[in-house]
Amino acid sequence: MSESIEAASVEVIRRGRRRRVRRRRTVVVCLVAVLAALFLTSLCVGHTVYSPYDALRVVLGETVPGASFTVGRLRLPRALTGALAGFAFGLAGATFQTLLRNMLASPDVIGITSGASAAAVFAIIVLGLGGTAVFVVAVPAGVLVALVIYLLTYRQGVLGARLVLVGIGVGALLNSVTSYLLLRAPAWDVQEAMRWLTGSLSSAFWDGVGPLAAGVVPLSAVLLALERPLTALQLGDDSARALGTRVETVRLALVLGAVGLTALATAATGPIAFVAFLSGPVAQRLTGGNGSPLLPAALTGAVLVLAADLVGQFAFDTRFPVGVVTGALGAPCLLWLLARPGRTRLARRAEGVL
Amino acid sequence: MSATRTLTVEAARFGYAGRIVVDGLDLRIPPGAVTVIVGANACGKSTLLRGMARLLAPERGSVLLDGKDIHRTPTRQVARALGLLPQSPTAPEGIAVADLVARGRTPHHGLLGRWTPADDEAVARALTATGVLDLADRPVDELSGGQRQRVWIATALAQETDVLLLDEPTTYLDVTHQVEVLDLLTDLNRDRGTTVVMVLHDLNLAARYADHLVAVKDGALYATGAATEVVTPQTVADVFGLRAEVIEDPVSGAPLVLPVGRHHTRRD
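Chains as they are written, first to last, in numbering that gives the first Met the number 0: chain A, 0 to 353; chain B, 0 to 267.
Hints in this document: simulated from the structure, not taken from any laboratory.
Ideal placement from N, C-alpha and C gives every residue a C-beta, glycine not left out.
Among the clues, some could well be false.
Said to hold, decoys possible - Where chain B lies over chain A, by a calculated footprint (3+ residues, C-beta under 8 Å):
1. 220-234
2. 240-248
3. 279-291
Chain A on its own, in the form it takes in the complex (with noise of 0.2 Å):
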């Protein structure tokens, strides 16, 4: 008798865990579907159009007269460096907003994406960097601006409002810096360094990808593999350190992938505006919240740059880089986020730290 309610119940579990998992894999294989069509685009469209099987003939490396060079030149290491740098920064938002808790705690909220840009501009008007070294000197900056964040933060129990709040100063600081810099470079320097700023995709070259990639494979590889203990994590550091979590380790870990990231990504493109804050919360309104949110958190990402940056070369007249793009698209959702009635509890979180 008791069995039989206990194999009854047992079902019920079953089929409401499959229920979520099958929801949240359909959810990945639908962006990871929406992102290939949108590469594929991106490597189709332009001046001149190709077909897909021409744009899929040079990415296997046959040579297509004309379509070599414009698709394997030009679009594809624009479409990769902006796929990579989109998963990064929806990755890496997506870790923070779940390691703190908080929406806001993105890195482009908190100042790690001021400081990457700072010290790029840096590299590029006054020491007269470009391409490849930009990275040596933005991906140390962006972490050694979290680390002052951390540390003007620290105070037994760190975390949550104090480091958003802190993270915001440290941010302001910073684009005083940047425009200090600005002021005082020579005209063309700031043409070049405002195009990066504003994020931008219509620098990417093959020597960029390299590095970018090489960073963000392994980077990702160890969030992604650190999924399970940020769920637990995700219950408070009492009950994660209960189920036999290694907070502190595997904290620390997540935040320096994570700011790795999000400087790699800064380095290659710019701050593209909004998408490391916006990829969590769409994803998780995609998936409905069940599971860890990185992966389609990621995917939403590079689907958001992709995406916006076809909208701003060819929707308009005049071409736009992709981060006034993300910019015009995601500080309406971010009002919307915060005022929708109903779900308020994202609101009253925000709210809180506001």
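With the hints as your guide, set chain B onto chain A.
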């Protein structure tokens, strides 16, 4: 499940950032019993519980689980024997009840461990024991305070540990739900032999539900033993600084504390 796990605290000193809260404390938790820790605010009772749950490393002394120092035992191994319900756990937004409870299975998995039918069974058992099976697919956000507390207890139960530590599991609950939660924990103890250790604020509920009562004062043990031995006017005066009469609880036979305040005292 066995009731043979022993949890002992030996000459332990616990504190935060140089401030000593508990010092030189020895305590043996009786296996298979319900132990309740009571004391005034800031007396160190929660600190003691946190120390036993290895959330806090002792500055001196040690906490032993089956004779082994829990701070020198792999954390996942401890997590399979010792469960904890902290004071204010947080549920991720939008998570379903069954998924939250499933996270209690974490210590039984490796980093890439697969979900097994045994995990589904453990979750179903935990939800059944706490009476929230019919809420399995609901979002935790939508539950009432009492339901949510049951779900958190279910999460700790899904961990399937022989020892369960709870830090004020009845806070924020109305009296009906307080009794419900304490009855539930008593069921667990009686049906499965789980060793239950909890901090409670309400002295009368503590006296009723404890097999073993531990009174803490200024970071040291004041008295331990059966409620009838520990709960006396003298203890209440010393531990809580409160003048009180103690009578026999007509419902349970346990001691019942009646505080004597400055007002509303009969003069005849």
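Here is what the structure says about each hint:
Residues of the region 220-234 of chain A lying with their CB closer than 8 Å to a CB of chain B number 7, which satisfies the three-residue condition for coverage. Under the rule that three or more residues need a Cβ within less than 8 Å of chain B, the assignment of the region 240-248 of chain A holds, with 6 such residues. Counting residues of the region 279-291 of chain A whose CB lies closer than 8 Å to any CB of chain B gives 5, which reaches the minimum of 3, so the coverage claim holds.
Taken one by one, the earlier hints all hold for this structure without exception.
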